[in-house]
Amino acid sequence: DGGITQSPKYLFRKEGQNVTLSCEQNLNHDAMYWYRQDPGQGLRLIYYSQIVNDFQKGDIAEGYSVSREKKESFPLTVTSAQKNPTAFYLCATRTVSSSYNEQFFGPGTRLTVL
Amino acid sequence: KQEVTQIPAALSVPEGENLVLNCSFTDSAIYNLQWFRQDPGKGLTSLLLIQSSQREQTSGRLNASLDKSSGRSTLYIAASQPGDSATYLCAVRPTTSGTYKYIFGTGTRLKVLA
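Going down the list, the sequences are from chains A and B. If you read the first sequence in the numbering used here, its first letter stands for residue 1, the second for the next number, and so on. If you read the second sequence in the numbering used here, its first letter stands for residue 1, the second for the next number, and so on.
Please note that a few of the clues may not be correct.
Claimed, not checked - In silico lysine-lysine, DSS-like type, Cα no more than 25 Å apart, as pairs: (1) K70/A with K9/A; (2) K83/A with K9/A; (3) K71/A with K83/A; (4) K101/B with K1/B; (5) K71/A with K9/A; (6) K68/B with K70/A; (7) K101/B with K42/B; (8) K9/A with K42/B; (9) K57/A with K83/A; (10) K14/A with K83/A; (11) K71/A with K101/B; (12) K101/B with K57/A; (13) K42/B with K111/B; (14) K57/A with K1/B; (15) K68/B with K1/B; (16) K14/A with K1/B; (17) K57/A with K71/A; (18) K68/B with K42/B.
Claimed, not checked - If you want the footprint, here are the derived chain A segments under chain B, 3+ residues with CB under 8 Å: (19) 36 to 49; (20) 101 to 113.
For the record, the hints were derived by calculation from the structure and aren't laboratory data. The C-beta atom is built at its ideal place from N, Cα and C for all residues, glycine as well.
One chain only, chain B, in its complex shape (with noise of 0.2 Å):
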C-alpha cells in the first residue's frame, strides 16, 4: 500500500534563507507527484507536478525534484519570504490504483520569519 510521508512537520526559518521540502512515497509506481500550497482555511493550490520520467520541475523560485528509485521528491524555496509561510503537501498517483486516486502526505507547516 502506497504511503506518504513529509518530514518534518513543521519549519521555522528567517526570511532570506534557501529550503528544502521533503516528500518520501513507498512505492515507486506512480504516474506522476504534485506539490501544493494550503493557506490556513483555505483551498490547496498547485505548484508543480512532476510527471514520472521527469526529474525535476521549475517555477519561479520553486524547484522540486523527483528520485522514483528512492521514493523521494523534494521542493526547493530559494530566498524564502514572509508570503511563503503555508503548509506544503506533496499527493502521488499510484499506477497500481487502477483508478484516479491521489495519496496525499500531511504536510510541512512553514513559517517564514521576517
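The following block holds chain A by itself, in its conformation from the complex (with noise of 0.2 Å):
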C-alpha cells in the first residue's frame, strides 16, 4: 500500500510540551514538506527539505524543529516556544528528478492545545 502515512491522526498537548508529528512515505520521492492549515487560511509552509540530512525554513519555521536523517521519513517537532500550535497538520511529498513535478499529501494529523 503506498504513499504517506502521518501519525498519529489526533494529538493533544499540554502547555509546555514538546510533540512529535511523524510522516513517513514509500513514494521514492526526495522533497518533503510540512505545511499548517488553520481555518480560513491557505496552506503555510513550515519546513521543506529536498534531500537527506538537509532542510529549509519556511514562512512560519519559528518554534517548529525538523529532521531527515533518512528518505522516507520528515518528522516535525512542535516546541513550548510555538505560541499557537492548535492546526491541523500535513505532509506532503514531491518528487525532484521529474520535469512532471506533482505534490502528494498525507491524511493529516490535528493538533489541539489543552
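Put the two chains together into one complex; each comes in its own frame, and the hints tell you how they fit.
As C-alpha cells, then:
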C-alpha cells in the first residue's frame, strides 16, 4: 500500500510540552514538506527538505523543528516556543527528478493544545 | 510577492449543474499550477496539474485551464454530483522563489445539493 502516512491522527498537547508528528512515505520522493492549515487560511509552509540531511525554513518555522535522516521520514517537532500550535498539520512529498512534479499529501494530524 | 486568490469562498449548486471554480495569481512566472480537493478533516487529493507550457488538462468530468498572461486558472466540473462536495484549492509553484515552494489559495468550499 503506497503513499504517505501521518501519525497520530489526533494529538493533544499540554502547555509547555514538545510533541513530534510523524510523516513517512514509500513513494521514493526526494522532497518533503510540512504545512500548517488554519480555518479560513491557505496552507502555510513550515519546513521543507529536498534531500536527506538537508532542510530549509518555510514562512512560519518559528517554534518548530525537523530532521531528515532518512529519505522516507520527515518528523516535525512542535516545541513549547510555538505559542499557538492548535492547527491541522499536513505532510507532503514531491519528486524532484521528474519534470512533471506533482505534490502529494498525507491524511494530516490535528493538534490541539489543552 | 506571489499571491493566490480563489473567489468565491463558498458555492452551492443543484446536482447536475456544470460549474466553474476560479483561481487567480499575481505573478505569471510559474512552473505549474495544481488543483486539489480536500474533504473535511482529510488531506489534500491531487486532481490536476498544469505545466506552465500547457493550456489545459482533463480528467474525467474535470477540466482545468491555465492562462498565465492573465494570471488565471479555472476548474470546470461537468454534471456535478453530491459526491463532489468538498473544498477545492489551487496552488502555484513560482519560478522566482529559487526553491521548491508552493503558494496556496484559501480554497472554494463547494456544496452540491441533491
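Verification of the supplied hints:
The suggested pairing of K70/A with K9/A holds, with an alpha-carbon distance near 22 Å, which does not exceed 25 Å. For the hint pairing K83/A with K9/A, the CA-to-CA distance comes to about 21 Å; that is within 25 Å, so the pair holds. This hinted pair does not check out: K71/A and K83/A have alpha carbons roughly 30 Å apart, beyond 25 Å. For the hint pairing K101/B with K1/B, the CA-to-CA distance comes to about 13 Å; that is within 25 Å, so the pair holds.
Between K71/A and K9/A the CA atoms are separated by roughly 22 Å; this keeps the pair inside 25 Å, and the hint holds. Between K68/B and K70/A the CA atoms are separated by roughly 37 Å; this puts the pair beyond 25 Å, and the hint is violated. Restraint check for K101/B and K42/B: satisfied, since their Cα atoms lie roughly 22 Å apart, inside the 25 Å limit. Taking the CA atoms of K9/A and K42/B, the gap is near 10 Å; set against the 25 Å cutoff, the hint holds.
For the suggested pair K57/A and K83/A, the alpha carbons sit about 18 Å apart, so the restraint of at most 25 Å is met. This hinted pair checks out: K14/A and K83/A have alpha carbons roughly 12 Å apart, not beyond 25 Å. Taking the CA atoms of K71/A and K101/B, the gap is about 19 Å. The hint holds against a cut of 25 Å. For the proposed pair K101/B and K57/A, the alpha carbon gap of about 11 Å is at most 25 Å, so the pair holds.
With a C-alpha separation of about 17 Å, the suggested pair K42/B and K111/B falls inside the 25 Å cut-off, and the hint holds. Restraint check for K57/A and K1/B: the C-alpha separation of about 17 Å stays at or below 25 Å, so the hint holds. Between K68/B and K1/B, the direct Cα distance comes to roughly 16 Å. Compliance with the 25 Å bound is thereby established for this hinted pair. For the hint linking K14/A to K1/B, the alpha-carbon distance of about 37 Å lies beyond 25 Å, and the restraint is violated.
Under the criterion of a C-alpha separation no larger than 25 Å, the hint pairing K57/A with K71/A is consistent with the structure, at around 18 Å. At most 25 Å may separate the alpha-carbon atoms for a hinted pair to count; K68/B and K42/B exceed this at roughly 30 Å. With 6 residues bearing a CB less than 8 Å from a CB of chain B, the segment 36 to 49 of chain A meets the requirement of three and the coverage assertion stands. As drawn, the segment 101 to 113 of chain A meets chain B at 9 residues by the rule of a beta-carbon pair under 8 Å; at three or more, the given contact holds.
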